[in-house]
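Undergrad: Take a look at the letters that make up each chain.
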Amino acid sequence: MKFNRFSLAAALILCSAIAVSSCGKKHRYDQDDAEEGDTKGGAAAVVDTVNGATVTGKILFTGTAPAQVPIKQESDPVCAAKASEEKPEVTQEVVINDGKLANVFVYISKGIDGTYAPPAQAAMLDQQGCRYHPHVLGVVAGQKIQFRNSDATLHNIHPVPKNNASFNLAQASVGKVDEKMFDKPEVMIPISCDVHGWMRSYVGVLNHPFFSVSGSDGSFSIKGLPPGTYTITAWHEKFGEQTQEVTVKAKETKDISIAYK
Amino acid sequence: MIGWFNKRFGTSIEERNYGALYAGFSLLLFLTTLWAVYNEVDGRRPWKEYQADFRELKVQVLLNKRRELKGKLSKDELQKTDSLLEIYDEQLHGKKLAGFQSQIDDLAMTIRKTSQKRANLKSEADNRNYMFEHSSREQDPEAAKKYKDQRIDLEHRMADLDKTIDSMDKIRAKLLADNITPIASKKKALESKRDSIYGAVADLEKKIDEADAMPLQIQQVMLNDYDRTNFGKLQMRADRCQSCHMGITDPVFADTNIFNDIGKGRHLFRTKDEAAHARKVFGPHPHPEMLKSHNIERFGCTPCHGGQPMSVDAVDHAHGFESHWEKPLLTGAYVQGACRKCHEGDYTFAMADKVSEGRKLFIDFGCFGCHEGPSIPDWKDYKVGPSLMNIGRKISREWAFKWIQNPQSWNEHTRMPNFKFNDEQTKAVVAYLFDATKSSQYKPVSASVPAGDPARGAVTLKEVGCFACHAVDEFEPRGKFKFVPTADKKLLWPNGAQDGNRVAEGNNFGPDLNKIGSKVDAAWLFDWVKNPKHFNPNSRMPILRLTDGEAADITAYLMGKKDPSFLASPPALGNLDDKKLVEKGASIIREYGCFGCHQIPGMENEGKVSVSLADFGTKTAADLYFGYLGEEQLHDTRAHFDKGPYKLGKVYMHLEDGEDWFVWTALKMKNSRVFQTDAIAQKMPVFNMTDEEAYAMTVALRSYTKAYIPASFKDPLGQYQPAVNDGHFLTHWNNCVGCHKIQGSGGFVLENLRTLMGIKGDDINPYGPPNLNTAGAKIQEPWFYNFIRNPASTPVRTWLKIRMPTYGFSPSEISRLDKFFLGLEGQSLQFTDYSYYPATEQTLAAGQQLWEKLKCQQCHAAGSTPSLGGATAVPAPNLALAGGRLKPEWIVRWISDPQAIAPGTKMPNFFGTLQEPAAADPTILGGDWKAQVSALRDYVWRIGGAKGTGSSATQADSSSMHPAAAPAVEAKNAAKPADSAAKKTAMRSVPDKKLSMR
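Taken in order, these protein sequences are the chains called W and Z. Mapping of the first sequence onto the numbering used here: residues 3 to 263, in sequence order. Mapping of the second sequence onto the numbering used here: residues -5 to 992, in sequence order.
No lab work stands behind these hints: they were computed from the structure. Mixed in with the good hints, there may be bad ones.
Simulated pairs of lysine-lysine, DSSO-like, Cα-Cα distance not exceeding 30 Å [claimed, not checked]:
(1) LYS89(Z) with LYS181(Z)
(2) LYS258(Z) with LYS146(W)
(3) LYS178(W) with LYS180(Z)
(4) LYS182(Z) with LYS146(W)
(5) LYS240(W) with LYS112(W)
(6) LYS186(W) with LYS754(Z)
(7) LYS64(Z) with LYS157(Z)
(8) LYS146(W) with LYS924(Z)
(9) LYS157(Z) with LYS414(Z)
(10) LYS286(Z) with LYS182(W)
(11) LYS182(W) with LYS164(Z)
(12) LYS164(Z) with LYS116(Z)
(13) LYS258(Z) with LYS112(W)
(14) LYS112(W) with LYS178(W)
(15) LYS187(Z) with LYS178(W)
(16) LYS116(Z) with LYS157(Z)
(17) LYS64(Z) with LYS146(W)
(18) LYS64(Z) with LYS186(W)
(19) LYS74(W) with LYS253(W)
(20) LYS180(Z) with LYS186(W)
(21) LYS180(Z) with LYS240(W)
(22) LYS112(W) with LYS157(Z)
One side of the interface only, derived from the structure: several residues of chain W facing chain Z at Cβ under 8 Å [unchecked claim]:
(23) GLN70
(24) ASP100
(25) ALA172
Virtual Cβ for every residue (Gly too), placed ideally from N, Cα, C.
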């Protein structure tokens, strides 16, 4: 009897011990705020504009420039009227000034670690004079793109992406702005207007902001690069891709040149 | 021991000592109690540990979220916000504004004082008025005049005061608006922003507290109307899966990125394995979209996944890997087999590719020719192989002999199996077939084929779309693969391939044409391409309406495609007319059931030669015969599959003797004669399947059960389900999906068209066969009937080079097809009058305005007026056809969001999307997008002819509205000469059909 009583008591003690131990579990997040200072591994990286390196350069074109492709805009008098002011009426496919190639998308294709949050400011793709401005656009995945119709005619924005969701949106009025975005990296997404067959634009979507589009003088500049070795890729809609390796130190500015033939 | 007993029983009872005995038993009891407590609290409840882990993980995830949220509003920013608020506060009460504020306050005071003054004057004026009235009554005109003058004077003074008050008020308002309000409203906005962030944080904190306080308890879904006992009584099922799998529907776990947070320091998981395990147990359902249509609360878990619903005492038990439990968890793709339980007739599951593939293969390999299987229409009407009724008029005996003996030696991808006949058997079969078709009346239309140009034929062949069904030239069959001799000597099949399948879709549908010149002769081929129904009325090959010239070109081209090696050493057949041989052939054909797949003269009344597979999925290893195969060979088979992507299903006990359903079935598919013994012959021919095919077949066969499923769980399309099931079969059987996308799948020819035309991506869409999504809601029934009967009668896409063929369907088959498309849209086949559809003149005018504004005519022709874009525009159907072809409700649906119906179509969204609709033009019909869409429909629908105007305006001359509409358009664009010029052009070219709008 004595032993039985003892064992019952022991059981009771055991039970209550278990109960106490489970009740007494400490809220693990109570001290959470104490360590507020340290950053988490998955947080988005920030472009360092002060210490970052810069890669600049020019896109050269050394071969013979192909003949410009003329476009016929008679089917839309609005375009025809605008275009006659803005000569010559050719596609924006190949723009070469003084042996410098414009509209080349230059970006870091290899070497970037970490993720970069898309900039809060939306990029703009304007439809003006039945052309896209700019002809080549770079954005960070998830960055908003505003499509604006500055013409008094109907345009439709029809991207044909491979990885991203496609859409086909018509804008019937002047000044209409629609905001869209591509959330996955993709180089390049062609955008066209089915109403005006000659209208074409390309959007390069990356998961970092290290890209540039060569201007009419062929120059480009990628800023704020963390020190390291990178592969730079240049993309042109007609002449294809070229790559180059580049190593930069902090605050360094490196000048490279890329030549197409 | 014995000595102890002897000693004990030697002493008298009174002297015996029980202490030690008591102590021993008490100790036992104590230990038992301890064990009982432990077992009750912990041992039998492994799920509690999972729940505790889940709770901890969830709290951590939420804490991370809170940190992230706070991080977004960094300390700096918080401080900035606070200091900005302070600044605003200071400004509002600061010196600079204090002057304005006191000025405003002063003004307010003055206004108040002046108002008081005015009130005094008013009461004085009232007093004078009373005195005036009183004096008038007293007949005292002098006094009356005096009081009246005084009153008027007071009223003037009041008016002056009013003016002063008004001007002071204006000054005060201006002071406020200019100096105070901007800052005050900025402050308010900032405050609300800060509050919303604090609110979100507070919200998260509440969630954290809730998660932390989550009690550990069994989570279960009760299914009250799913199971029945053997006596047909309803039986409750309780799925307790979520007692461990707690994150299945938890929104906190919906983002699987949390399982990538691996590393030392502040990370959720230390190692990859830990994260993978957590994802397996706590992760969300891999197909969240599936749960949207199959709500867990309604469908539970085990009806699809299998397992032991109530068991929670061990992982293996819960998953049903326990002896005698008949429905263990379906692993890998086998869970797809569950779809068939409820969706019996469907075999195009977007999220269940393998069961779809297996079920199609069941048809395409002709399994149903010998076996009873689920959901196949009357097999006698549907034979996968070609009809042999006129075989003697098509090929030579030698060719037939070589083919029957080894079909793969001619075409590696053929679905015709190898019966492993010896020379004598093969000869007998050929003898019967040619003897039975001796009296065939078939003769090609012309014995001499007109001369054709093979080069032109090669072009025509592709342009009209032969490669939608046939592999030819560079257009290799879909999922092309190569069989290779089995390198692993342990395996029980002679050769095989891992990936690739021969589902009869796209250009896998018809035979490869690359050797056709060595099989048939030109006269037969010319007749066949002109009209396949002439040789074989039941042929699935449709009529492409080729001209004699086109047919001759194609014949010339195809006859050049030869492979003489097949008959390089022709078999010596000898005399095939021997009666005995013919009889022997007949008995072989009866025994092996050739008529299951082919129409064979004299065999019309035979039945299926093999067993029913309708309940094959419920068989166990005990029901299956493994022949001479031993443990090692069976294990090798399983190991072969398990090391590739096609892992066989998991079963309890399978490790012991290797005999299980999955191994048996996979082996049977790979090498159907493998279980043959000296005593038991096997007749099933060898199909030489790839691993992928064999796997897909096991998935489909596993799903072949006669399980009772309550109707309330089945047939999501209700009364339309049978028609839809039937249509799924028909559209597969006739390879409609080879060209057209139906319900989002199919349209395989587009890939080849892209290659042929050098067009990339979605740009091919206007040049390929149209997407048939929503076709039932779209096409008027009479038009559907006439179009399928003769697609050339009313061409819609006149620019297409690829041709919609004439199938020669019977009216009942066309009805079945239309019922399918209608059923998918929840509609049934019925008489509808589409000739009259009223609209008001107002909407027609607005519709016309939109028609011009949205440049519909840039791409669409309207009657005899071509599109404005001309050759450079994207081709689009002539909208004069709309009224006689399209259903009015559908046009609205289409215009509202074309991309939702046909993703990638060139038709842009003019009215936003269905999720975010928007008016195309804010000035038309008050910017009401719905009204605009329906007005545009009303206009478009009348381009081809009258449809009636509104009931009140039926008699009105509708042409009168155009002059009214035109100035409105022009006036609006008067400021832009170029623009209005465009409008005028567009206006002028709107067709004369306007007049027929009456």
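Undergrad: Now look at each hint and say whether the structure bears it out.
TA: Going through the hints against the structure:
1. LYS89(Z) with LYS181(Z): holds (18 Å)
2. LYS258(Z) with LYS146(W): Measuring from Cα to Cα gives roughly 35 Å; hence the hint is violated.
3. LYS178(W) with LYS180(Z): holds (29 Å)
4. LYS182(Z) with LYS146(W): With a Cα-Cα distance of about 28 Å, the restraint between LYS182(Z) and LYS146(W) holds, given a limit of 30 Å.
5. LYS240(W) with LYS112(W): holds (23 Å)
6. LYS186(W) with LYS754(Z): Cα-Cα ~20 Å, so holds.
7. LYS64(Z) with LYS157(Z): Cα-Cα ~55 Å, so violated.
8. LYS146(W) with LYS924(Z): holds (28 Å)
9. LYS157(Z) with LYS414(Z): violated (114 Å)
10. LYS286(Z) with LYS182(W): holds (26 Å)
11. LYS182(W) with LYS164(Z): violated (45 Å)
12. LYS164(Z) with LYS116(Z): The hint holds at about 23 Å.
13. LYS258(Z) with LYS112(W): holds (26 Å)
14. LYS112(W) with LYS178(W): violated (38 Å)
15. LYS187(Z) with LYS178(W): It holds: about 29 Å lies between the C-alpha atoms, which stays within 30 Å.
16. LYS116(Z) with LYS157(Z): holds (15 Å)
17. LYS64(Z) with LYS146(W): holds (24 Å)
18. LYS64(Z) with LYS186(W): This hinted pair holds, its Cα atoms lying about 26 Å apart.
19. LYS74(W) with LYS253(W): Violated, at roughly 49 Å.
20. LYS180(Z) with LYS186(W): At roughly 36 Å apart (the allowed maximum being 30 Å), LYS186(W) and LYS180(Z) break the hint.
21. LYS180(Z) with LYS240(W): Measuring from Cα to Cα gives roughly 51 Å; hence the hint is violated.
22. LYS112(W) with LYS157(Z): violated (76 Å)
23. GLN70: Because about 18 Å separates GLN70(W) from the closest Cβ in chain Z, which is outside the 8 Å limit, the hint is violated.
24. ASP100: Violated: closest Cβ of chain Z sits about 32 Å from ASP100(W), beyond 8 Å.
25. ALA172: Holds: closest Cβ of chain Z sits about 4 Å from ALA172(W), inside 8 Å.
Hints 2, 7, 9, 11, 14, 19, 20, 21, 22, 23, 24 from the earlier list are contradicted by this structure; the remaining hints agree with it.
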